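S.K.: One-letter residues, chain by chain:
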Amino acid sequence: MKETIPPLYAGTVTKYVFIESYKATPDDIAARAYEVSGRVMIKETCFGLQITGEEAEVERVIAHIRAFDPAHIYVKDRGFPPGDPRRCRANLGGARPGYFGHEYEMGFIRRIAIGLEELESPSERPVHESEQKETEGLSVKRLMELIEQEA
Amino acid sequence: MAEVFIYPATSLILSDLVARFGHKPLGTALSVRERIQTAGLDSPPLEMTPDDAKKGLRWAAVEVPSGVRGRMSLFGPLIDRAEAAIIVRNPDFAFGCMGCARTDELVEFLVKQKKIPILELDYPADEEEGIIFVRRVKEFLTGLGGSS
Numbered sequence: 001m002k003e004t005i006p007p008l009y010a011g012t013v014t015k016y017v018f019i020e021s022y023k024a025t026p027d028d029i030a031a032r033a034y035e036v037s038g039r040v041m042i043k044e045t046c047f048g049l050q051i052t053g054e055e056a057e058v059e060r061v062i063a064h065i066r067a068f069d070p071a072h073i074y075v076k077d078r079g080f081p082p083g084d085p086r087r088c089r090a091n092l093g094g095a096r097p098g099y100f101g102h103e104y105e106m107g108f109i110r111r112i113a114i115g116l117e118e119l120e121s122p123s124e125r126p127v128h129e130s131e132q133k134e135t136e137g138l139s140v141k142r143l144m145e146l147i148e149q150e151a
Numbered sequence: 001m002a003e004v005f006i007y008p009a010t011s012l013i014l015s016d017l018v019a020r021f022g023h024k025p026l027g028t029a030l031s032v033r034e035r036i037q038t039a040g041l042d043s044p045p046l047e048m049t050p051d052d053a054k055k056g057l058r059w060a061a062v063e064v065p066s067g068v069r070g071r072m073s074l075f076g077p078l079i080d081r082a083e084a085a086i087i088v089r090n091p092d093f094a095f096g097c098m099g100c101a102r103t104d105e106l107v108e109f110l111v112k113q114k115k116i117p118i119l120e121l122d123y124p125a126d127e128e129e130g131i132i133f134v135r136r137v138k139e140f141l142t143g144l145g146g147s148s
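Protein sequences appear in the order of chains A and B. If you use our numbering, the first sequence corresponds to residues 1 to 151, in order. If you use our numbering, the second sequence corresponds to residues 1 to 148, in order.
Just chain B, with the same shape it has in the complex (with noise of 0.2 Å):
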């Protein structure tokens, strides 16, 4: 069983088809978890503290603003951890005021650099191209080996 960094790190379908393909999705979840299950002195009103600001420091530089920072903050751990990774480009939710377009573009550029196996596709926009996305990501996943 792999660990496959999905992005967007939030969507439903990648989580459920890299569970469903016998993988471990890594999604924006497992961060949230992990701080919210967290005893410290912070155990914040919200899941994001001033630290977390600090702590992307490791993935972005300091004139990066801290909107990104603090994302990085969840994602710097997962692609860090994660043995391959699927990207859908240019999804509409991860921008706006659910996401951050440069936040997107540093993941990218990070798992890229990470050489490890990537799969890039596109949101399906009919049902042709449904069967296409499942087709590929179906493939990509059990090439990664060990699935159940």
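This is chain A alone, in the form it adopts within the complex (with noise of 0.2 Å):
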């Protein structure tokens, strides 16, 4: 892989779409993705998408697709575009290295979209500012947790 890649999509934005949804799959936001497509280029991953295109081109798409579920559907930017040599694990032979961040942070996402339902609509349930306390060291918490990951 020594030869010069030319800039790929220049002037272009690239955007994953994470789902972590129990009303939703990745096939679904495809789906309702291509519906309003236009002239965005959207690959399709097992996590969910990733949307290639005019930056308001992509907003738009993205903006339809979290319509679907807004509370569990998750968009951040990506530096390359998708099929990237550098970056594609069918050049890498492995998980390509962005992998394991998101392998970390969708481990407990569900916290967040717990948070986001609670804004759109509060429950009852009483929510103590002082549970998330600075604190020194392994919390007792996350020692279970870790345990439980090694079990």
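It should be emphasised that the hints constitute simulated quantities derived from the structure, not laboratory data. Treat the numbers as computed from the prediction; the structure is a model and nothing was measured. For glycine and all other residues, C-beta sits at the position ideal for the given N, C-alpha and C. All clues stand as given, with none of them false.
Label pairs and their in silico Cβ distance ranges:
id	chain 1	residue 1	chain 2	residue 2	range
1	A	GLU145	B	LYS55	36 to 42 Å
2	A	CYS46	B	PHE95	22 to 28 Å
3	A	THR45	B	GLU34	20 to 26 Å
4	A	PRO7	B	GLY22	27 to 33 Å
5	B	ARG81	A	ALA151	41 to 47 Å
6	B	ARG102	A	ARG96	20 to 26 Å
Combine both chains into one complex, guided by the hints.
M.R.: Structure below.
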């Protein structure tokens, strides 16, 4: 891979769309994205989609998808376009480097989903602001999580 | 709309929440995109070039390891642009193969030097903390003004 790679899709943006929903699958949001795809390029993945195109177009498609299940669909920027030989696992022979970060955050993203749902429709559930305290060292909760991961 | 620096700069959660509440998240993807879409002599097989370690000298001293300086060439321009920042304290994945503890410290130091509004949080360990996490991020971002 020593050859020079020209700039790919210059002037475009690529965004990841992740879904962690009990109402929809990545396939469902792909179908929804194709409904309004216009001039964007859509790549389906196991976790959601990658959408590449002009920023305004990409935002339009994302707004359409997000309306499906706002608290369970997450979006972030991606530097590389899909299929870039420097990152695509087809060339590297393993998970692309950023995968591990996504894997880590997707492990507890349901807690964020609950937070977002709570904003939309506040429940009676009491939440104490002091719950997220500044702790020194390893908390019991974290230790339990580690034990469960290793088991 | 304010430009909000997020750290870990590759965080899906922070990037999503900042954009969701009407501001622009400044994460690594923006720096990487700029590099790979700019034609030049390098157009390198990897997104980092030897030049990046030199560019990093603006934010880190010459005796600092090149890995830190290379990372700072990505994060430094974002910190310069930032009007606010959200930092997750000690995220597991910002250390080890995905990151660098010394860069984490330097980034936090530089952001604090800048005297911009900063929100520091921990990743939520349970559902209640998730609710508090989202609420705090929303309050912080709403306080910046101009959100939609």
